[in-house]
Amino acid sequence: MAALLALAIAWLYAGTMEGLGREWLSSPDASYGLVLAGVALLLLWQRRGQIAAAARSSTASRFPAAGFGVLLAGLLLYLVGQLGADVFVTRVSLVIVIAGALWSVAGGGATRMTAAPLVFLLLAVPLPALVVNTITLPLQLTASRIAEATLVASGIPVFRDGNVLELPSASLEVAQACSGLRSLVSLTAIAGLLAWAATARTPTRGSKLSLFGRGAAIVAIAIPIAILMNGLRIAAVGILCEVWDPRVTSGGWHTFTGWITFVASIVVLMEVQRALAPRPAAPDAVEGAMAA
Amino acid sequence: MLLPSKPVVRRAVFAFVILGSAVAVAAMWDSFAPPNACLFCAGPEQYGAALGGTGTTGTSGIGAVTRPSYQHAAVETIPLPGMPPSSAYAGDGGAIRSEGSRNGWQPWGNGSNGQSFNSSGSREPSVGMGGLWRLMSLAHRSQPSAGSAPRAAHEPRAARTARPAPKPGAPRTHEPPIASTVASATPTNPFNQDATAPPNPFVPAPPAGSLDPGGPGGLHGSGGSSPSGNPEPASILLFGTGLLALVAELRRRHAF
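Residue numbers (the numbering used here), protein chains in the order written: chain Y, 147 to 438; chain V, 1125 to 1380.
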């Protein structure tokens, strides 16, 4: 029966999933979703035993009206997405329909076990074009300003004309692809994973709300970190261009500077998470949590 | 009792009925697509003929259930009214456009494909009709005269001035075919200076040079006029790096 349900969902969302996969494979902005979806599937596979056990234990419970409500809400969202030709809404409805179908058939316990993978699937959905177009230009200008300030502080003469930085040896344009959106979405997704892993595996004495608050804080802090580090990346390219070799603005060097800046962003994010982490619980509590 | 007795099976049947209804509705759905949303574009049958039912609506993923082929037409292959067709459309699009109703309103007809409405008979613009001539040149410049050599009126001014003047007394010989001259000359007709087609608003402008998001930023000379871009690495590389770092960090923490 579960296979039939999965087939029905796959049939309903065949086009959506095809388009989603195509975008993951073709768009450099959205390709992180492929890895994130893989992580979600891996987590589901790892938890398959627990999910099955939770489903077996919930068969005697009452009729899961909430699950059918979620399923109907997801299908309604699918309808809205189809009517409005909104790809993002249609893709989001896929996750909600999966959650609703799971809740309806296997119960709330099993759905709670799959909450994290479903959230990761939700994060893997590429941002809608409306959002991307809205935030790209402010990101470009912010990165340009940060780079300009850093270059000036470094003693390098620079003239900023909008999103173009005029250096003595070259002109650097903070174009759409340089806006930092890729590192922003990637670092936010990493922050989500980090928050989930930190709160799920660290036994603490805090309440669930405080754990959720810390996780939300980690995700929220990832946004300014990504924006700041992208500005510093452009400034570093400008500095290298001036003091070393103008060829750093192209080819492998350029990719390397972008990658190393993202690694630095992750290090900063992990340090922030460590600073936000609560004090470890007493040893007996740790052992009890690990045993659970 | 028609319904099975086990609760989990009953729930599954209920969910399956709901999903089945949604699938049935989706199968009958006539989804939005740019070709059927544009009131000014040609009819769907022309798209079907021109495109051969290929292409999809980008990455939308909507409407992949059985649909008429024209609804899957790639939007960048659909020319706008008054614009020249793109390369994908122009394969047989010239014939389609010349037979279409879009040119039928012209009082002088479209059978001759001519624009010789001025007194001189040539296709140079007259002063009084310059604006209209320009409009007509916009409307007709995209129509290839299939299989026919360009007429003398198409000859650019530069090509004609570059031709050597006949010497007095020299025997008149047949002039070389104008078509060869036209093919190699740069058009300098002031009324055709905008021979490049206006951009299709449905197609994003291709990134130029170093602004290519997928490509590396190019270097331009000292104080160059065209700046070099700074695109980031692909997000799969960034996220993969972050994931590896996260896994390493978690393993390190749990090793303590």
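One or more hints might be untrue.
Ranges of calculated distance between the beta carbons of each label pair, as one might list FRET restraints [stated by the list, open to error]:
#, chain 1, residue 1, chain 2, residue 2, range
1, Y, P303, V, H1378, 19 to 29 Å
2, V, G1144, Y, G397, 20 to 30 Å
3, V, G1144, Y, R258, 19 to 29 Å
4, V, L1368, Y, A299, 13 to 23 Å
5, Y, L187, V, R1377, 20 to 30 Å
6, V, S1145, Y, L287, 44 to 54 Å
7, Y, V265, V, A1372, 16 to 26 Å
8, V, V1371, Y, Q196, 27 to 37 Å
9, Y, P284, V, S1145, 39 to 49 Å
10, Y, S356, V, S1145, 26 to 36 Å
11, Y, A212, V, G1364, 31 to 41 Å
Covered stretches of chain V (in silico footprint by chain Y; criterion: 3 or more residues with CB under 8 Å from a CB of chain Y, positions within the stretch not fixed) [said to hold, decoys possible]:
#, segment
12, 1133-1142
13, 1355-1364
14, 1367-1374
FYI, nobody ran anything at the bench for these hints, they're computed from the structure. A virtual CB, placed ideally from N, CA and C, is assigned to each residue, including glycine.
Consistency of the hints with the structure:
One distance hint, 19 to 29 Å for the beta-carbon pair P303 (chain Y) and H1378 (chain V), is violated here, with the actual separation near 50 Å. Against the hinted window of 20 to 30 Å, the Cβ-Cβ separation of G1144 (chain V) and G397 (chain Y) comes to about 54 Å, which falls outside the hint. Between G1144 (chain V) and R258 (chain Y) the beta carbons are some 27 Å apart, a value that agrees with the proposed interval 19 to 29 Å. Taking the beta carbon of each, L1368 (chain V) and A299 (chain Y) are about 33 Å apart, not inside 13 to 23 Å as hinted.
A hinted range of 20 to 30 Å for the beta carbons of L187 (chain Y) and R1377 (chain V) is consistent with their spacing of about 24 Å. Remark: the range hint 44 to 54 Å for S1145 (chain V) to L287 (chain Y) is upheld by a beta-carbon distance near 49 Å. A hinted range of 16 to 26 Å holds for the C-beta pair V265 (chain Y) and A1372 (chain V), which are about 23 Å apart. For V1371 (chain V) paired with Q196 (chain Y), a C-beta distance near 21 Å fails the hint of 27 to 37 Å.
Checked against the hint of 39 to 49 Å, the C-beta distance between P284 (chain Y) and S1145 (chain V) comes to roughly 43 Å, which is consistent with it. In this structure, S356 (chain Y) and S1145 (chain V) break the distance hint of 26 to 36 Å, their C-beta atoms being roughly 43 Å apart. For the pair A212 (chain Y) and G1364 (chain V), the beta carbons lie near 37 Å from each other, so the given range of 31 to 41 Å is met. Remark: the segment 1133-1142 of chain V is confirmed as covered by chain Y, as 8 of its residues place a Cβ nearer than 8 Å to a Cβ of that chain, reaching the required three.
Only residues whose beta carbon comes within less than 8 Å of a beta carbon in chain Y count, and the segment 1355-1364 of chain V has 10; three or more means the coverage holds. Under the rule that three or more residues need a Cβ within less than 8 Å of chain Y, the assignment of the segment 1367-1374 of chain V holds, with 5 such residues.
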